[in-house]
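Going line by line, the protein sequences match chains P and H.
Per my numbering, the first sequence starts with residue 1, numbered consecutively.
Per my numbering, the second sequence starts with residue 1001, numbered consecutively.
No lab work stands behind these hints: they were computed from the structure.
Bear in mind the structure is a predicted one, so any value in this text is a computation, not a measurement.
Each residue gets a CB set at the ideal place from its N, CA and C atoms; glycine is no exception.
Misleading hints may appear alongside valid ones.
Footprint (simulated), chain H over chain P, 3 or more residues, beta carbon under 8 Å [claimed, not checked]:
{"#": "1", "stretch": "36-50"}
{"#": "2", "stretch": "116-124"}
No more than 30 Å apart at the CA atoms, straight line, and that leaves these computed lysine-lysine pairs for DSSO-like [what the hints assert, rightly or not]:
{"#": "3", "chain 1": "H", "residue 1": "K1063", "chain 2": "H", "residue 2": "K1098"}
{"#": "4", "chain 1": "P", "residue 1": "K129", "chain 2": "H", "residue 2": "K1083"}
{"#": "5", "chain 1": "H", "residue 1": "K1083", "chain 2": "H", "residue 2": "K1098"}
{"#": "6", "chain 1": "P", "residue 1": "K126", "chain 2": "H", "residue 2": "K1098"}
{"#": "7", "chain 1": "H", "residue 1": "K1098", "chain 2": "H", "residue 2": "K1027"}
{"#": "8", "chain 1": "H", "residue 1": "K1027", "chain 2": "H", "residue 2": "K1083"}
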Amino acid sequence: MSDLFRYVLRLGDLSLVLGQRLGEWVGHCPALEEDLGLANIALDLIGQARLLLTYAGEVEGRGRGEDEIAFLREHGEYLNAILAEQPNGDFGRTIVRQVLVDAFQLELYQRMTASTDERLAAIAAKSVKEIQYHLRYSSGWLVRLGDGTEESHARVQASLEALWPYTVELFAEDELDRAMADRGVAPRLTEVQASWASRIDAILAEATLVRPAHRPHSWHGKRGQHSEHLGYILAEMQHLQRTYPGARW
Amino acid sequence: MNTPSENSRHWPLYEVFVRARGGLDHKHVGSLHAADARMAIDHARDLYTRRQEGVSIWVVPSKDITASDPAESESLFEPARDKIYRHPTFYEIPDEVKTL
């Protein structure tokens, strides 16, 4: 497997798995308007995943298309950071996860518009516009809940504590991240982390939430070692393609 | 009017106006519930501009709109009915003018 193939899978799988997770909210949101809001974001993420996984298939050069890559891989072949696969929990927890990922994607893709890989630069340019709105939506909600009632504040603070350790992996630079940065394909994760942190701090301050203490953790979703949650996501996501191979609609 | 207890359980209603293109008017497209004006803009974007219907959105709290009373519609609107001279239908329009 080439470096570029694996790197594009990391990007595409983050969008794919988070989009699938958000899709679980459809029909269950606290208000009809939020149902549409989260579904719109989920569709943007699936759209990003389609572009990225299609590209991954071309880079791989074995004739696999977006559907085969999205639906017919095994558990250990997904390379998303495991923050994306964490359960939705209550609406507030979904919002906390969304803010953390949105800010990461925004800082990453803004820089990737200058990638030496033209295809990734183009995908990044399209995605940035979508992600700016995602963060507007999610951070608006985080401020509303954090600076809301006693109960909403306590709940989102608890979710922040629970999800914060998973953010470490987003910025844990390994050989693949370094190789991509050396070739100018991707930005340095240290740079992304610095601006992510100041963006998150500003949102947390407005939401009157406290940034959790740093707890070192080593998660390896980016290398295909996932939490138990991914299996359930894949079961739901893949069963149609596996039961009716090649199904289209 | 909503009582305070109803308001605390339901988000207030906003009326949504969307401008389809630069140069056109904002047109009323519908209403939605939102906790505040910013959320109303987000919801309006998601509900009413998903198919590229607009380039600008206004939201207005529905409670701030003063409407004419349907019971008064006869006195308000019927007096205009027999004043056909107010319509510009007595002018001859040259053939070259296409867009009137």
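- Task: Could you grab the alpha-carbon distance between K1098/H and K1027/H and see if it respects the 30 Å cut-off?
- Result: holds (24 Å)
- Message: Checking one constraint from the list: CA of K1027/H to CA of K1083/H, max 30 Å. Satisfied?
- Response: Since the Cα atoms of K1027/H and K1083/H sit roughly 28 Å apart, the hinted pair holds (cutoff 30 Å).
- Task: Measure nothing beyond the straight line between the CA atoms of K1083/H and K1098/H; if it is 30 Å or shorter, mark the hint as holding.
- Result: holds (27 Å)
- According to a criterion of three or more residues whose C-beta lies within less than 8 Å of a C-beta of chain H, is the stretch 36-50 of chain P covered? Held - the stretch 36-50 of chain P has 3 residues with a Cβ nearer than 8 Å to chain H, which meets the minimum of three.
- Okay, the stretch 116-124 of chain P and chain H, do three or more residues pass the C-beta test at under 8 Å? As far as the stretch 116-124 of chain P goes, the hint is violated, because 0 residues have Cβ atoms under 8 Å from chain H.
- Task: Decide if the proposed pair is consistent with the structure: K129/P and K1083/H, CA atoms, cutoff 30 Å inclusive.
- Result: violated (53 Å)
- Message: Checking one constraint from the list: CA of K1063/H to CA of K1098/H, max 30 Å. Satisfied?
- Response: Given that 30 Å is the threshold and the Cα spacing comes to 42 Å, the pair is violated.
- Query: Within a Cα-Cα threshold of 30 Å, do K126/P and K1098/H meet the stated pairing?
  - Reply: violated (40 Å)
The earlier numbered hints that this structure contradicts are 2, 3, 4, 6.
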